[in-house]
Each structure stands twice: as C-alpha cells, then as structure tokens.
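Asker: Full structure from sequences and hints, please.
Those protein sequences? They're chains A and B, same order as listed. Heads up: the first sequence is residues 279 to 391, going by the working numbering. Heads up: the second sequence is residues 4 to 115, going by the working numbering.
No lab work stands behind these hints: they were computed from the structure. Careful, some of the hints might be misleading.
Unchecked claim - In silico DSBU-like pairs for lysine-lysine, Cα to Cα no more than 30 Å straight-line:
| no. | chain 1 | residue 1 | chain 2 | residue 2 |
| --- | --- | --- | --- | --- |
| 1 | B | 39 | B | 22 |
| 2 | A | 383 | B | 12 |
| 3 | A | 386 | B | 74 |
| 4 | A | 383 | B | 47 |
| 5 | B | 12 | B | 39 |
| 6 | A | 386 | B | 70 |
| 7 | A | 383 | B | 70 |
Small disclaimer: the values here were computed from a predicted structure and weren't measured.
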Amino acid sequence: GQQLNQSPQSMFIQEGEDVSMNCTSSSIFNTWLWYKQDPGEGPVLLIALYKAGELTSNGRLTAQFGITRKDSFLNISASIPSDVGIYFCAGQLSPGGSEKLVFGKGTKLTVNP
Amino acid sequence: DTAVSQTPKYLVTQMGNDKSIKCEQNLGHDTMYWYKQDSKKFLKIMFSYNNKELIINETVPNRFSPKSPDKAHLNLHINSLELGDSAVYFCASNDWSGNTIYFGEGSWLTVV
Numbered sequence: 279g280q281q282l283n284q285s286p287q288s289m290f291i292q293e294g295e296d297v298s299m300n301c302t303s304s305s306i307f308n309t310w311l312w313y314k315q316d317p318g319e320g321p322v323l324l325i326a327l328y329k330a331g332e333l334t335s336n337g338r339l340t341a342q343f344g345i346t347r348k349d350s351f352l353n354i355s356a357s358i359p360s361d362v363g364i365y366f367c368a369g370q371l372s373p374g375g376s377e378k379l380v381f382g383k384g385t386k387l388t389v390n391p
Numbered sequence: 004d005t006a007v008s009q010t011p012k013y014l015v016t017q018m019g020n021d022k023s024i025k026c027e028q029n030l031g032h033d034t035m036y037w038y039k040q041d042s043k044k045f046l047k048i049m050f051s052y053n054n055k056e057l058i059i060n061e062t063v064p065n066r067f068s069p070k071s072p073d074k075a076h077l078n079l080h081i082n083s084l085e086l087g088d089s090a091v092y093f094c095a096s097n098d099w100s101g102n103t104i105y106f107g108e109g110s111w112l113t114v115v
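Answerer: Right under this line is the structure:
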C-alpha cells in the first residue's frame, strides 16, 4: 500500500530557531496536508496543499507541495514553546470522502525555552 | 461548541469484553471516519462512511463493526477485545467533496 516517509522522527530545538520537516512518497498524491497533534488531543489541520509547486503560509508556518507530487515540506520559523507537539504529513489522491488520507509517522517537536 | 465529539475519552476494559465508542459531529458533514493511532503514534484509517453508507473498510478484523444510524453519527463497536486493540481511536468528518478533515479528541482504549 501507499506509504509516506516523514523525517526527522524527532527534533529538539531552542526557542527562536527555525524548523524544517519533510515527507516523501513512493507514489503520487494530489493533495498534501499537514496536521499538528497536541498531547491528549486529535490532529488539527495546519495547511492544505492542492497543486504541485504550491507554496502556502499560515502565520509562521510555510509548506510546499513538491513538483513531482511525491513530496512536501513544512517549515516553522522562530519557534515558540507552544509549537511543541507531533506534526503529521498526510497525502490524499483526491480531496473528499472517497479517498483515504495516508499519514506519515510524525515528527515529534520539542522546543526548549 | 465541539465539532466532532466522541465518548468515552478513556476506556479500560478486560480482554474478551465488548465495548462501543460513540461519535457525533455537528458540522453538517456527510462523511465520517474512524482512525486508529497505535503506541508509535501511527495514524491509520479503519473505516469511512458517507451518508450512512460504508465507503472504505481497511482490512479491519470483523470484531470491529461500525454503525452509522444517521450521517451525524458513527459509532464503533468492538467484540471480544484483545490486548492488541489498545490504541487511541479517532473519529473524523468532512464534506464528501471537502478538503478539510476534522478530528475528534480521541478515545484512549486500554485492554488489560
């Protein structure tokens, strides 16, 4: 089945540093999504990407949909303690309910004040 | 006002028991899902329903039986619980043509 390789698995950074994580796939996706999961909560959508090459920002977060449609990255600038959590990439062949989301294994982010 | 709510949040039960997790969404969505998150935090889809109709069934043991009485509810019943069923189960929903999947807060199931 489809798999997403997400890296790094975990990151330990100082407050104020920039963060970068990425996701690669062996097959093409037409939608890429980035979620954040806080402890004891469900994943919350951060950014959604629908076109190859698309670069989208949400505050300090920036994500790009790779040209080959087999990868995506997420950058966080000037990290703050509340950025702590697990970040998941997810791919979908097409938006909507007929296609499942395939998730990466997550990047656990720790921010030291 | 919680968009996707699931109950119970925590459930500890013995092997062999039967248990249910309930999910409700007040977003007017017509598609609902169950995802399982294992101890390594890996999220995997189990089922999806659209307007009470099963759309996706990801090779889940038939001890797991979803039930959708209406499009706002998708419950998960698990028979003969096993130790390996211990996980966090997330309910989610979106529009059939929608791009944003909203997750509930999760139900932590521990089988002892």
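Asker: Please flag the earlier hints that this structure goes against, numbers listed from lowest up.
Answerer: 3 and 6
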